[in-house]
Amino acid sequence: MSLTTYINDHLGGATTAIQILEAMRDQHDDPMFRDFAAVLLPEIVADDRTLRTIAQKIGSGPSVVKEVGGWILEKAARLKLGHTGSADFAMFESLELLALGIHGKLCLWKALRVAAQQDPRLREFGFEVLMSRAQQQYEQVESHRLKLAPFVLVAN
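In our numbering, the protein residues as written are 172 to 327.
Derived CB-CB ranges, DEER-like:
#1 Pro321 / Asp206: 18 to 24 Å
#2 Ala320 / Ala282: 28 to 34 Å
#3 Ser314 / Arg220: 21 to 27 Å
#4 Glu267 / Met172: 28 to 34 Å
#5 Asp201 / Pro291: 43 to 49 Å
#6 Met203 / Ala326: 21 to 27 Å
#7 Met203 / Met172: 41 to 47 Å
If you are wondering where the hints come from, they were derived from the structure by calculation, not from laboratory data.
Positions of the beta carbon are idealized from the N, C-alpha and C atoms, including for glycine.
Assemble the whole structure, with the sequences as input and the hints as a guide.
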């Protein structure tokens, strides 16, 4: 039961990340951020697909409550990506939300790798590759976030 809950928690987060990246790709004024989102999005979608496959393998369907929670987070993130106030600050916060989510995904893959030692249903998934990809995704997002930091956090 704990595994099902854990997977569903992360499915909600994955849905949020996908929707944030879609909004960034389709709506952001800066082509650099649009291009960045367009490159990162397929990787996040692939990770979401893997997580959904794991959920099916362990006999867990997506939780409606978690999916709705993800939808609510996504709506809040879209407001941040809107053009009210500082667009740079909104992007900074959106990137931070993505970075936190990706770090959580890295923690998920690590935990599932360890759990796979006891649970044969998890052994077919390449957690080492998934962990490496999550680390790279985190570093890319964090790099963009830190580039914005001096513009949004230091008084002019």
